[in-house]
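Kindly generate the complete structure, drawing on both the sequences and the hints.
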Amino acid sequence: MSSDDVKWDVLVESTLLTLLQTAGEGILVFDAAGACKMVGKKIGEFFATDVSKLIGKVRTEVMLVLSKACEEPEAFLALVGGNDNDDPPHVLGEIEVRSPRRVLVLRSTPIKLEGQYLGRLLWMRDVTREASAERARRHLLQRIELLTPVDALTGLANRRRFTEEHEREHGRAMRAWDSYAVLRLDIDDMGGINEHFGVPIGDLVIERVAELLRAGRRDYDVVARLANDEFAILLPGADAVAARAVADRVVMTVADAVKENQQGPQITLSIGVAVCVPPTGESAADIMGRCGMALQFAREAGKGQVHLDLISGDSKGETGEERSTS
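Count the sequence shown with my numbering and you get residues 1 to 326, in order.
What the hints contain is simulated information worked out from the structure, not anything from laboratory work.
What you are looking at is a predicted structure, and each value in this text was computed from that prediction instead of being measured.
Each hint should be verified, as a subset may be incorrect.
[To be verified] Dumping the calculated EDC-like pairs for lysine to aspartate or glutamate here, alpha-carbon to alpha-carbon at most 16 Å:
| # | residue 1 | residue 2 |
| --- | --- | --- |
| 1 | Lys303 | Asp188 |
| 2 | Lys303 | Asp186 |
| 3 | Lys303 | Asp189 |
| 4 | Lys68 | Asp50 |
[Unchecked claim] Using C-beta positions, here's what the derived DEER-type ranges look like:
| # | residue 1 | residue 2 | range |
| --- | --- | --- | --- |
| 5 | Gly24 | Arg98 | 14 to 24 Å |
| 6 | Gly192 | Leu16 | 23 to 33 Å |
| 7 | Asp31 | Val10 | 18 to 28 Å |
| 8 | Ser52 | Pro200 | 32 to 42 Å |
| 9 | Glu96 | Arg214 | 34 to 44 Å |
| 10 | Thr148 | Ala33 | 54 to 64 Å |
| 11 | Lys37 | Gly216 | 51 to 61 Å |
| 12 | Lys53 | Leu19 | 12 to 22 Å |
| 13 | Arg98 | Gly216 | 43 to 53 Å |
| 14 | Ser132 | Ala32 | 32 to 42 Å |
| 15 | Thr148 | Pro88 | 39 to 49 Å |
Virtual Cβ for every residue (Gly too), placed ideally from N, Cα, C.
Rendered as structure tokens:
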């Protein structure tokens, strides 16, 4: 090895050690076998621990030590405990630590050289200030929504207005023995969008989705923003076929909008659909509950999925259907 190579190796190692000591993020470096090889100074500050004692420990042992400083240790361990060796860079989620209280965003990145997996890098960024500002903003919006039937960010009906309209439609349907449907829609990986592009861009995504939903509704449909990145559509008089058609159209509309803006966040929606077919002993809240379960099934199936639940609360058997619309 030449003297230039030695100097270069020293420079690389010194630069890495400097980053570990001065970076604003907490950094953990694990080798391919899962052993901790390097720890940044901020990890010690975030978790009130001696970072030197983490070197050489396997990942599960390191995370067990760090979990003791978390508000919810079990949730933290569930977040970081998976085998992600083959995963691309991704956001794991948010955690809260104590003394002092901080909100951290965790990101996992593989370390590779010429396609060979060498280890994994875990980044932990302090977003306490941003999280506090976001909570204050959401609290203000919630107070505004108590005084108005309109969502402050999107101009759509808010949850209170939607609930009132849903109760009214449910009563009409029961009297007329006429079906109706409810769609619950969720923007996929909204946390990742906020993390990668920033909360202001995330708000623009929510506004854009609201515009698309508003533009595609019938005059008597009710479109609402329930909370955060979750929306709902009430379809009076709709049966399962009509509800599915609406869900398909929404997914395609969003997909077409994304194609027109390749530089922005890649938006997809998960949609849960519940159909109410009288006579039934279900309440409007029961229908929303079924719709929420359908949305959960859609989320679990992956991005851009639709799950249609046809079961009424007093029916026997299972007639729900799950399918991809991506």
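Original post:
Taking the beta carbons of Ser132 and Ala32, is their distance inside 32 to 42 Å?
Top reply: 38 Å, holds
Subject >> Range agreement (Cβ of Val10 with Cβ of Asp31, hint 18 to 28 Å) >> reply: Once the Cβ atoms are compared, 21 Å apart, the range 18 to 28 Å for Val10 and Asp31 holds.
Original post:
Has the given pair, Lys303 with Asp188, been kept, meaning a C-alpha gap of at most 16 Å?
Top reply: Holds. Lys303 to Asp188 sits at ~6 Å (cutoff 16 Å).
Original post:
Between Lys53 and Leu19, is the Cβ distance one that fits in 12 to 22 Å?
Top reply: 21 Å, holds
Subject >> Assessment of proposed distance window 43 to 53 Å (beta carbons of Arg98, Gly216) >> reply: 46 Å, holds
**OP:** Given the range 34 to 44 Å, decide if the beta-carbon distance of Glu96 to Arg214 lies inside it.
**Re:** Given range 34 to 44 Å: holds, Cβ gap about 36 Å.
**OP:** Evaluate the given range 51 to 61 Å for the C-beta pair formed by Lys37 and Gly216.
**Re:** 52 Å, holds
Original post:
Under the criterion that the straight-line Cα-Cα distance not exceed 16 Å, is the pair Lys303, Asp186 satisfied?
Top reply: 10 Å, holds
Original post:
How does the Cβ-Cβ distance of Gly24 and Arg98 compare with 14 to 24 Å: does it lie in that range?
Top reply: 20 Å, holds
Subject >> Whether the CB-CB distance between Thr148 and Pro88 falls inside 39 to 49 Å >> reply: 43 Å, holds
Subject >> Satisfaction of hint between Asp189 and Lys303, Cα-Cα up to 16 Å >> reply: Between Lys303 and Asp189 the Cα gap is close to 8 Å, so the pair holds against 16 Å.
Original post:
Given the hinted pair Lys68 and Asp50, is their alpha-carbon gap at most 16 Å?
Top reply: 13 Å, holds
The earlier numbered hints are all upheld by this structure, with none contradicted.
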